[in-house]
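Asker: The chain contents come next:
Protein chains: 4
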Amino acid sequence: MAMVCLSDFEAYAKKHLPKIAWDFFAAGADDCSTRDENILAYKRIRFRPRMLRDVSEMDIRTKLLGTEISFPVGIAPTGFHQLAWPEGEKSTARAATAMNTCYIASTYSTCTLEEIAAAAPGGFRWFQLYIHRNRAVSKQLVQRAEALGFQGLVLTADLPYTGKRRDDIRNGFCLPPHMKLKNLEGAFEGDDRSEYGLPPNSLDPSVTWNDIYWLRSLTHLPIIIKGILTKEDAELAVRHGVQGIIVSNHGGRQLDGGPATIDALVEVVEAVQGKIEVYLDGGIRKGSDILKALALGAKCVFIGRPALWGLAYKGEEGLQDVLRILQDEFRLSMALAGCASVSEIGRHLVQFSKL
Amino acid sequence: MAMVCLSDFEAYAKKHLPKIAWDFFAAGADDCSTRDENILAYKRIRFRPRMLRDVSEMDIRTKLLGTEISFPVGIAPTGFHQLAWPEGEKSTARAATAMNTCYIASTYSTCTLEEIAAAAPGGFRWFQLYIHRNRAVSKQLVQRAEALGFQGLVLTADLPYTGKRRDDIRNGFCLPPHMKLKNLEGAFEGDDRSEYGLPPNSLDPSVTWNDIYWLRSLTHLPIIIKGILTKEDAELAVRHGVQGIIVSNHGGRQLDGGPATIDALVEVVEAVQGKIEVYLDGGIRKGSDILKALALGAKCVFIGRPALWGLAYKGEEGLQDVLRILQDEFRLSMALAGCASVSEIGRHLVQFSKL
Amino acid sequence: MAMVCLSDFEAYAKKHLPKIAWDFFAAGADDCSTRDENILAYKRIRFRPRMLRDVSEMDIRTKLLGTEISFPVGIAPTGFHQLAWPEGEKSTARAATAMNTCYIASTYSTCTLEEIAAAAPGGFRWFQLYIHRNRAVSKQLVQRAEALGFQGLVLTADLPYTGKRRDDIRNGFCLPPHMKLKNLEGAFEGDDRSEYGLPPNSLDPSVTWNDIYWLRSLTHLPIIIKGILTKEDAELAVRHGVQGIIVSNHGGRQLDGGPATIDALVEVVEAVQGKIEVYLDGGIRKGSDILKALALGAKCVFIGRPALWGLAYKGEEGLQDVLRILQDEFRLSMALAGCASVSEIGRHLVQFSKL
Amino acid sequence: MAMVCLSDFEAYAKKHLPKIAWDFFAAGADDCSTRDENILAYKRIRFRPRMLRDVSEMDIRTKLLGTEISFPVGIAPTGFHQLAWPEGEKSTARAATAMNTCYIASTYSTCTLEEIAAAAPGGFRWFQLYIHRNRAVSKQLVQRAEALGFQGLVLTADLPYTGKRRDDIRNGFCLPPHMKLKNLEGAFEGDDRSEYGLPPNSLDPSVTWNDIYWLRSLTHLPIIIKGILTKEDAELAVRHGVQGIIVSNHGGRQLDGGPATIDALVEVVEAVQGKIEVYLDGGIRKGSDILKALALGAKCVFIGRPALWGLAYKGEEGLQDVLRILQDEFRLSMALAGCASVSEIGRHLVQFSKL
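Protein chains in written order, with this note's numbering: chain A, 11 to 365; chain B, 11 to 365; chain C, 11 to 365; chain D, 11 to 365.
Treat the hints loosely; a few may be bogus.
You can't tell identical chains apart in this list, so a pair holds if it fits in one copy or across any two.
To be verified - Simulated pairs of lysine to any residue, SDA-like, Cα-Cα distance not exceeding 20 Å: (1) K29 x A12; (2) K53 x F362; (3) K149 x E199; (4) K53 x S363; (5) K324 x Q337; (6) K364 x L50; (7) K53 x S43; (8) K241 x R63; (9) K241 x K364; (10) K190 x D202; (11) K29 x V14; (12) K192 x W219.
I should point out that these hints are in silico values taken from the structure, not numbers from a laboratory.
Working from the sequences, and respecting the hints, build out all of it.
Answerer: Put into structure tokens, the structure is as follows:
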């Protein structure tokens, strides 16, 4: 079977992964309406493509907080990559580095940050943080990441509690015995690891904007906040001095009924007024989705599930295939829309369909 | 089979109830478009969730006309609970009391008000009234309810005649011989009980707003009017001195083609201007539906069919399961939307999708 | 099988009629989108029902140009009733008279006007006219109808040529040998009757508004024009002195892509400003559809295909069943919407859904 | 099987063509959403038909840049007609000439321009040009076409690179050995013909508006630019002195996510303000689609896939069948909308549905 577009990787993963793992990656909260809206919303955006512009030399590079990447697609933080491929996050790191883009490693990795760093030396990586009730755990993680050369700290803001994913409950999802949340080994007492590999209630639901100052006190890394969906919170992010926002609804896995990220992007970009960078994850399935997100003001997008499908297909190599397809499709979409470089992409390029 | 969400109870009830009973509970009028709209309308409302708010201590309690309940979900009045479970309304009363919420007992109960009151002493209950042509029957019911400690009188306003429910006609629906409308025994002459357990045309289609004054003369109980769908009627309700409104279309069983209750809620809340409490029933299937209704101004919602599914599953215990699931889902939705108590829920939390 | 609603009659007719006859009655032009829109459009109109109004005495009568009918539903002109029932239009006339409503007999009847008149003496009937190239034919028809006691002349305006109904072409539709367009026997030369029972091109596509004056010169009957869909034409109708308009798209059988009649009704009613009566046909399938049409300004509606389904079921008796169901449903819808008589029905009763 | 409407030809072609050829003709880019939107968009446009206008004499002729054609439908440029019928573009030319309309021959024809011209002497034809990196190739083509009597030069503007058509990639689409891009034989070095019959990257992606002046220097033919979708580009087209615009998205084969052509037509027509002629291709499937396009300002439409279906059915004869059906349907739609000649068609005839 030819791997022509991302749906081919999705079909492969669905067929070859154990059901419990597929269900975990695919899961959305409740009725999965937000998960599905993330994708449907792109179909309501129409291009206004421009013709007869010289697109013989295409430049699809961009910069994330000053660091150049080969094209505006990075790897979003997702957990448990060993569920998709034995080498887990080490493969992810190698693929991202080979393709010269940014990989946001998750707190919930099944490899240590040290293993990740060693797997692909010199790679451009950010570290994603959940704040635990035991703040010492979080502090130690941040400082380990900084010491290992991670270049940004991504704070996930939308998970004070875990969303209700029906299939995981039905499946009684838990990590297979040979997999561990390796970065958190020894961090918690007792043996109960029933909540996605951690003791129940280990995350801190009392985190507020003031904790940005606490994080700032721990590290020199730029702070990017992930999970913002409203202009009010976007303004608060700017006011609290973070360096970037990832517009995200956690792949539709947290509050079902929230907006598609591409819809929320518009009000966040307007609120931020260019003061900090805005990124997006959720629903990116083809090159033209990337172009739409950039046209609406995202500096870069991140892929979650498609990266896992790539890993499930052929590990590092499969993820590179996924990235390469997106890269080719994005370049082609830009050219067909009349843009020779990302700096030519703008709001004029799209309109919202009235449907 | 794990009972994870309300759809699981629905599937169970559909599978295990006699078809004639399932059809009766499921029925909508005519093409069932209003029944189905009640549910679809929630999908067009999007949350605007707020992040990084301290949601470590959640308070989901509210008050109905001053009486505290454990969370803003009560049991709507529905008839014939013995069709779902042998103990009928006694089980309903026990479950509601165990969960510390309000149960609106129907005129069309298959247990007497006395049995209901005795089944769960001290429970918080309202009594739902249809006004009969024989006003003495209605007067006696109201006064019995008040004497038994029911704390509110709910007048159903949308049933001057019974809606046309095609399946009931095809099935020749009637109560099994061992079930009776026990609260109305001896109230009517003759043997014909062909209209849902009553003689034909026993309800009074001449009831008007002036009859509120008549009800007021019969009882000291607060009067809540059920079935209001327009701002004009909401204003009349305020003007006639009732204490509350339940925005309801009778589960889509009366006039097909009317609005979804969540859509009608907006104009009713605006018209009432906070002078009396506004509740809603219809289409509540998960915790986030409750949150949407509260964000649009409902003080509380009531569940009809889901309560019957719970009864059909395991009687009192099954209904508690249903309520507990809704409670957990509601608490989680609130937290994920950034609200630690119901007082923080407001209009800012939702927007209507343009779709 | 119980005959509970009009869909039951439709299913019966589809099952029992010869395919060629069913297809002919069911046919729409081209892709049938206007035919289907006629029905779908009702689903986008929502009631704003009013509660607690005395609906104990219901009056559903109305008047057509001064003549009282039992409820605001008449029989639209459709051709070839013998395809549905052996007695054809004689049965139709009897049913309409028995139910005390108006029957518009078609030029394309398979019974003579004389037979129709004799079948139900004293019935309230209008005559529907196509203008033929041979004007003498049309003149003679109008004068026969007037002499026979028909009380109105309905000019069909939307058929200068016959619409393209694919199934009729595929089926090679033609009348069975024992059926004739009886009112036109002897009117045309030659033997070719290939266009729906007439010689090709016998209708006159040069008819214009000036021909209203010609019709006026032929008869004292009130003239009703059928097939108007725009405000411009509605104004022309008023200016040319007709007595009524039937908003119609010929059941979606002529120009595919035109508006649903219930949508077009709004602009026609506005344009007419109450100067003449406005009626509607197309898409009426239940009592609440009638209520919506009246709320939007129609004085009365006419049913086409449902009348044929009733005939196909049991002739005169079946059509009475259809009318009785509509009558009951209409009365109930009115009551549930809070209207005790047709004079209380108004624009306030409905709103267009944004969907 | 009767060939009643264009869908019948589509079904025939799908059944009888080799899958690889059918897929190539049917292909859209990526998810095919723009391809499908081209058709769906017509369903959202409603006629406002006018009645009682004399339509006994119908005149459906129009003119393209001064040359009369029998009705406002021409043949859009599509490649590889021999995939549909052995005689290829010679049959196409004969059918177009027989029906007295315009045929735009593609650069990617499988017959030479000389063969095309000889097949139907005196036919009205335009030549469609892709500009190659080797400009001498393009120059020679233009001058050959002019010398052979082609009356217009159509520059395709939306293909700096070929769109991503998944099925062609899966099928490994290439021309069968006995077919050649005959007009380009000898034009390129080497043997690689893997990109739709040409060497990879032979088209010039650096073409800009300035190249219009270069084309103008090569030929006296009027220049028509194909692929414009925005008002900005429409204004540029006027400013650069072209004679016509074809609003086109290449049948949805280039940038997926662009607008339906019938939607884009509106803004292009407004921008052009009547200074040059505007045409459209994409999604025309029945006569009423043509009427909608003309009502929105197109001077003429062109058919792509339907022409190929006609060829696949019976070559020249099949294509004439297709054109004749469209002609009959268009004439009928005009008459039913109240227009006796194309000059009576205007914006007043249509409205956009709010759906």
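Asker: With reference to the structure, classify each hint as holding or not holding.
Answerer: Going through the hints against the structure:
no. : hint        : result
1   : K29 x A12   : between (23 Å within a copy, 17 Å between copies)
2   : K53 x F362  : both (9 Å within a copy, 19 Å between copies)
3   : K149 x E199 : within (17 Å within a copy, 64 Å between copies)
4   : K53 x S363  : both (9 Å within a copy, 15 Å between copies)
5   : K324 x Q337 : within (18 Å within a copy, 43 Å between copies)
6   : K364 x L50  : both (14 Å within a copy, 14 Å between copies)
7   : K53 x S43   : both (15 Å within a copy, 8 Å between copies)
8   : K241 x R63  : between (35 Å within a copy, 15 Å between copies)
9   : K241 x K364 : between (23 Å within a copy, 18 Å between copies)
10  : K190 x D202 : within (13 Å within a copy, 52 Å between copies)
11  : K29 x V14   : between (24 Å within a copy, 18 Å between copies)
12  : K192 x W219 : neither (28 Å within a copy, 58 Å between copies)
In summary, the one numbered hint that this structure violates is 12.
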